[in-house]
Amino acid sequence: MSLVNLAHCCSHLQNASKARLGLTSIPCTTLHHTLMLQLQRSGYVSSVTIGGPVPPPPSHLNPILDPADPEYQYQSQSQSSEPSSTNTNTNTNTDMDMEMHTGSNESIITQANIATRRLWVGLKYWNNEPVLQKMHLVSKPTRRVWMGFREIEALARGDASGYVRGLRGVGESMYVTTDRGLMEVRDCVEKRTGGMILCRVNGV
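Following the working numbering, the numbering of the sequence shown begins with 1 at its first residue and continues without gaps.
Check the hints yourself; a few may be wrong.
Stated by the list, open to error - Using 25 Å as the maximum straight-line C-alpha spacing, the simulated SDA-like pairs for lysine to any residue come out as follows:
1. LYS124 - ARG168
2. LYS124 - ASN15
3. LYS134 - SER59
4. LYS134 - GLY158
5. LYS140 - ASN127
6. LYS191 - ASN15
7. LYS134 - GLU172
8. LYS191 - ARG180
9. LYS191 - ARG150
10. LYS124 - HIS136
11. LYS18 - GLY171
12. LYS140 - ARG118
13. LYS124 - THR110
14. LYS191 - GLY148
15. LYS124 - GLY203
16. LYS140 - TYR125
17. LYS124 - LYS191
18. LYS191 - ASN202
19. LYS18 - TYR125
20. LYS140 - LEU3
21. LYS134 - LEU167
22. LYS191 - SER161
23. LYS124 - ALA112
24. LYS18 - LYS124
25. LYS140 - GLU151
26. LYS124 - PRO53
27. LYS124 - THR34
28. LYS134 - GLY181
29. LYS134 - LEU119
30. LYS134 - ARG168
31. LYS18 - SER173
32. LYS124 - ARG41
By construction, these hints were calculated from the structure, which means they are not laboratory data.
Go ahead and model the full structure; you've got the sequences and the hints to work with.
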């Protein structure tokens with residue numbers, strides 16, 4: 001886990017929101033991808049798409065639904081019940097659209113292009129203000145902050161835990177890396193688990 005690269009991504013997303021960009025990209029890593037999906041689930045970003053150095057077409061920027069969402073399960077069942085010929089045609093058209101937009105089939109990840117993978121993140125705005133106002137690390141490369149369940153519970157209540165202040169702002173979230181994966185602090189309280197405090201996000 002590289003906190004240096006994650007700090008750069010946090011600064012980039014914060015600056016892109018202030019610049020009123022609709023779409024921006026960050027390096028594609030497992031940690032970045034998991035965190036962006038958590039941000040999307042919390043409502044800070046509109047879409048998360050894995051692509052190449054060229055922005056993907058608008059048709060590829062559809063929001064990714066949570067597998068726990070009933071709508072996701074409904075769409076999965078609907079797609080599986082369609083005839084195989086329809087699915088084949090759809091996939092062929094999708095690949096052709098990608099090739100026409102980028103000049104090559106970037107949807108296939110190979111050893112030759114894996115280093116050029118980018119995460120394309122769609123930013124959200126409300127009343128002409130960015131939804132993602134601030135984003136910064138809590139743990140530093142030279143000082144990683146580990147907390148147990150009780151300390152994280154105090155943060156979720158709004159109380160300070162050590163030198164980390166609690167969540168008191170409207171639309172404020174904090175993300176934690178645990179042995180069960182990356183979670184928001186409220187999910188950590190629900191599942192009674194602790195971990196390393198990764199970053200803090202302030203919304204509108």
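To see whether the hints hold, each was checked on the structure:
1. LYS124 - ARG168: 22 Å, holds
2. LYS124 - ASN15: 13 Å, holds
3. LYS134 - SER59: 29 Å, violated
4. LYS134 - GLY158: 18 Å, holds
5. LYS140 - ASN127: Since the Cα atoms of LYS140 and ASN127 sit roughly 33 Å apart, the hinted pair is violated (cutoff 25 Å).
6. LYS191 - ASN15: At roughly 33 Å apart (the allowed maximum being 25 Å), ASN15 and LYS191 break the hint.
7. LYS134 - GLU172: 9 Å, holds
8. LYS191 - ARG180: 10 Å, holds
9. LYS191 - ARG150: Roughly 12 Å separates the two Cα atoms, so the pair holds.
10. LYS124 - HIS136: 18 Å, holds
11. LYS18 - GLY171: Holds, because 17 Å separates the two Cα atoms, which is no more than 25 Å.
12. LYS140 - ARG118: Holds. LYS140 to ARG118 sits at ~24 Å (cutoff 25 Å).
13. LYS124 - THR110: Violated - the C-alpha atoms of THR110 and LYS124 are around 32 Å apart, more than 25 Å.
14. LYS191 - GLY148: Roughly 12 Å between the alpha carbons, so the hint for LYS191 and GLY148 holds.
15. LYS124 - GLY203: 10 Å, holds
16. LYS140 - TYR125: This hinted pair is violated, its Cα atoms lying about 29 Å apart.
17. LYS124 - LYS191: With a Cα-Cα distance of about 29 Å, the restraint between LYS124 and LYS191 is violated, given a limit of 25 Å.
18. LYS191 - ASN202: This hinted pair holds, its Cα atoms lying about 23 Å apart.
19. LYS18 - TYR125: 10 Å, holds
20. LYS140 - LEU3: It holds: about 7 Å lies between the C-alpha atoms, which stays within 25 Å.
21. LYS134 - LEU167: Roughly 14 Å separates the two Cα atoms, so the pair holds.
22. LYS191 - SER161: The hint holds at about 19 Å.
23. LYS124 - ALA112: This hinted pair is violated, its Cα atoms lying about 33 Å apart.
24. LYS18 - LYS124: 11 Å, holds
25. LYS140 - GLU151: OK: LYS140 and GLU151 at ~18 Å, within 25 Å.
26. LYS124 - PRO53: Within the cut-off at roughly 22 Å; holds.
27. LYS124 - THR34: The hint holds at about 18 Å.
28. LYS134 - GLY181: With a Cα-Cα distance of about 23 Å, the restraint between LYS134 and GLY181 holds, given a limit of 25 Å.
29. LYS134 - LEU119: 19 Å, holds
30. LYS134 - ARG168: The given pair, whose Cα atoms are some 14 Å apart, holds under the 25 Å limit.
31. LYS18 - SER173: 19 Å, holds
32. LYS124 - ARG41: 13 Å, holds
Checked against the numbered hints given earlier, the structure breaks hints 3, 5, 6, 13, 16, 17, 23 and satisfies all the rest.
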